[in-house]
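Visitor: Here are the chains, one letter per residue:
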Amino acid sequence: MSALPLPLATFQSWMQAVLVHPDGAEVALQAPEARRFVDPQDAGDVVRERGGLDAAERLQIYAGMYPLRMRDALRSDYPALAELLVERRFERLVDDYVALYPSRSYTLARLGDHLPDFVEGWGSPRRRGLLTDVARLERAGAQVFDADESVPMDPEALRSVPAALWPNVRLRPAAAFRLVRVRPGAVDVLDAVLEGNPVPEKAGRGRVEVAYYRRDFVVLRRTMGPFDGNLLASLAAGETVGSALQRLGKAFPGGFPSGEILSGWFAEWTRLGLFAGIERTGENLPA
Amino acid sequence: MANRWNLPVLGYGIGLRTVHFAEILERRLAVDFFEAITENFLDTGGRPLHVLDRVAERTPVVLHGVSLNIGSTAPLDFAYLGKVKELARRVNAPWVTDHLCWTGVAGRNTHDLLPLPLNEESLEHVAARVRTVQDFLERPLHLENPSTYLELSASTMGEAEFFVRLTEKAGCGLLLDVNNVFVSSFNHGWDAEAYVDAIPADRVVQVHLAGHTDKGTHLLDTHSDHVRDEVWTLYERLVRRIGAVTTLVEWDADIPALDVVHAEALMAKDATARALREDAPDATNLSETVDETELANEAVAA
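Here the protein sequences line up with chains A and B, keeping their order.
The working numbering applies: residue 24 is where the first sequence begins, and numbers increase by one.
The working numbering applies: residue 568 is where the second sequence begins, and numbers increase by one.
The hints are simulated quantities; they were obtained by calculation from the structure and are not laboratory data.
These figures come from a predicted structure and were not determined experimentally.
Every residue, glycine too, gets a C-beta built ideally from N, C-alpha and C.
Wrong hints could be hidden among the right ones.
The calculated lysine to aspartate or glutamate pairs, modelled on EDC-like cross-linking and capped at a C-alpha distance of 20 Å, are [what the hints assert, rightly or not]: (1) Lys736(B) to Asp796(B); (2) Lys782(B) to Glu72(A); (3) Lys650(B) to Asp46(A); (4) Lys650(B) to Asp171(A); (5) Lys782(B) to Asp77(A).
These stretches of chain A come out as covered by chain B in the derived footprint (C-beta under 8 Å, 3 or more residues) [claimed, not checked]: (6) 65 to 71; (7) 110 to 117.
Pulled from the structure, derived: some chain B residues nowhere near chain A, Cβ distances all over 12 Å [said to hold, decoys possible]: (8) Pro682; (9) Phe703; (10) Asp837.
If we strip away everything but chain A, and leave its shape as in the complex, we get (with noise of 0.2 Å):
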């Protein structure tokens, strides 16, 4: 017998645990976590049974409404993550995935945070690769769409940096970039969901960088080439220009690309946005 009425506290704790049971109110009811709080058979002495429901019935109208909404929130923010696994095994990913990583914030857009990670160990590992770089690119893609709007570098801030101080120099990042390293046919496939045509069936060997940045509002995404990928990611991760430089002539002994080459690269990154700032260690120079 439970101790009735139960104090607010109880209560509380009680509901969650049944609602948030992926087998339903009647299986939750039964469950290690509810019994903790409530005898099942004292269910009915909780809620008020009426209309011809009881309270396992009562308890299932929230409790087959929480995995709707879980699934809508990602749905919404993984498109063609949903659309690549068809409805009812997107259904069973988002049902593992929340079981390990309920919401805890207020706003459902942090719900999907971890999915990629999760969906690098979920599954058929046949198409795990592809699913968690289409997953990452989607990710990026919102991470994006929410950042916080940031003054772009002057592109005059970059050619008033004299040649000697270039090796110590740091690119800030944009608030609204994002570069993520996928397979190559993850954007292929990325792309024939969201415009509706024939998934490629070859996620392509190696692995490319792509950018996503904003500009008046609008996400863009740019996939990026082997040599101006390298040198991004190294300074989108925080490398000094020296550290990048000398990285990309390690990857590519036989290929380091020209002077101009390179100035027509950080010319484009800035007019893209993909940089609000310049650093020199201990000290900013103009924007």
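Following the hints, put chain B in place on chain A, whose structure we already have.
Guide: The following block gives chain B in isolation, referenced to the frame of chain A:
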């Protein structure tokens, strides 16, 4: 009759929803006011906030939250409240609302509006938290009656009585959702007319109207359709007693074109005129009421 806080009657508004963003900015539709779901604008520096800023420049905006968790036994989230306060300041919201409910405990958010036992313990608990939140926000907080799908044996009073006592104890007003009154009354066998009649006129700061879905055994508050005739009738009953009141039509699923939603809000204006005409001895009273509404709108816009 004015509410006890002398808060203005903003007119007949609609929710600020993503699918209408472009049209709202381009057409500059003459909507009396917009209601923004607070949480949708807290953690974004992107387009939603940009749109909200533009809208707030020319139209009153009130904030309506879904995650205050005022009835929970979990501690209040002051990081969240700090963001709400900043957003309310940013859009100059005349008031902030949320629901009489709890949304989660133990650090978890179910994102549902869960029912409380309506008894002395809950009353004391919620009233104390409302006072804390109002002090923190430095602006009025008003609570909405949610649609509920179960009643608790631990309840010792009806929902209307709970609200009346809560508004007294906590000094807050009521966002009276007439559709929710109808839905909960159907689900629990309450008398919906007695419910709206029991709410003191000076406590009602705002009204919500929405569509619901009949699930056979119960009604579900889906915000996915036109306001039902029975809800309009209940609304007119309320307005006859309390006068013109800030009214918003909620439409959150299967959202139709902006004009359709706005037309539904304007139906509330017509319903108000009809209700007050029926109640008034002559037409003068009605025109005075409408003039007051317009003056209040101008004051808020200014």
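Visitor: Does each hint fit the structure? Answer for all of them.
Guide: These are the hints, each one checked on the structure:
1. A threshold of 20 Å between alpha carbons decides the hint, and for Lys736(B) with Asp796(B) the separation of about 34 Å lies outside it, so the pair is violated.
2. Among the hinted pairs, Lys782(B) with Glu72(A) is consistent with the structure: their alpha-carbon atoms are about 17 Å apart, no more than 20 Å.
3. Restraint check for Lys650(B) and Asp46(A): the C-alpha separation of about 36 Å exceeds 20 Å, so the hint is violated.
4. For the given pair, Lys650(B) sits about 15 Å from Asp171(A) by alpha-carbon distance, which is consistent with the 20 Å threshold.
5. For the hint linking Lys782(B) to Asp77(A), the alpha-carbon distance of about 16 Å falls within 20 Å, and the restraint holds.
6. Only when three residues or more bring their CB closer than 8 Å to a CB of chain B does the claim for the region 65 to 71 of chain A stand; here the count is 4, and the claim holds.
7. Figure legend: the region 110 to 117 of chain A, annotated as covered by chain B; annotation inconsistent (0 residues with Cβ-Cβ distances under 8 Å, at least 3 required).
8. At the 12 Å boundary, the C-beta of Pro682(B) falls inside the reach of chain A, the nearest C-beta of that chain being 9 Å off.
9. Residue-level check passed: Phe703(B) sits 15 Å from the nearest beta carbon of chain A, beyond 12 Å.
10. At roughly 33 Å from the closest C-beta of chain A, the C-beta of Asp837(B) stays outside 12 Å, upholding its exclusion from the interface.
In this structure, the earlier hints numbered 1, 3, 7, 8 are contradicted, and the remaining ones agree with it.
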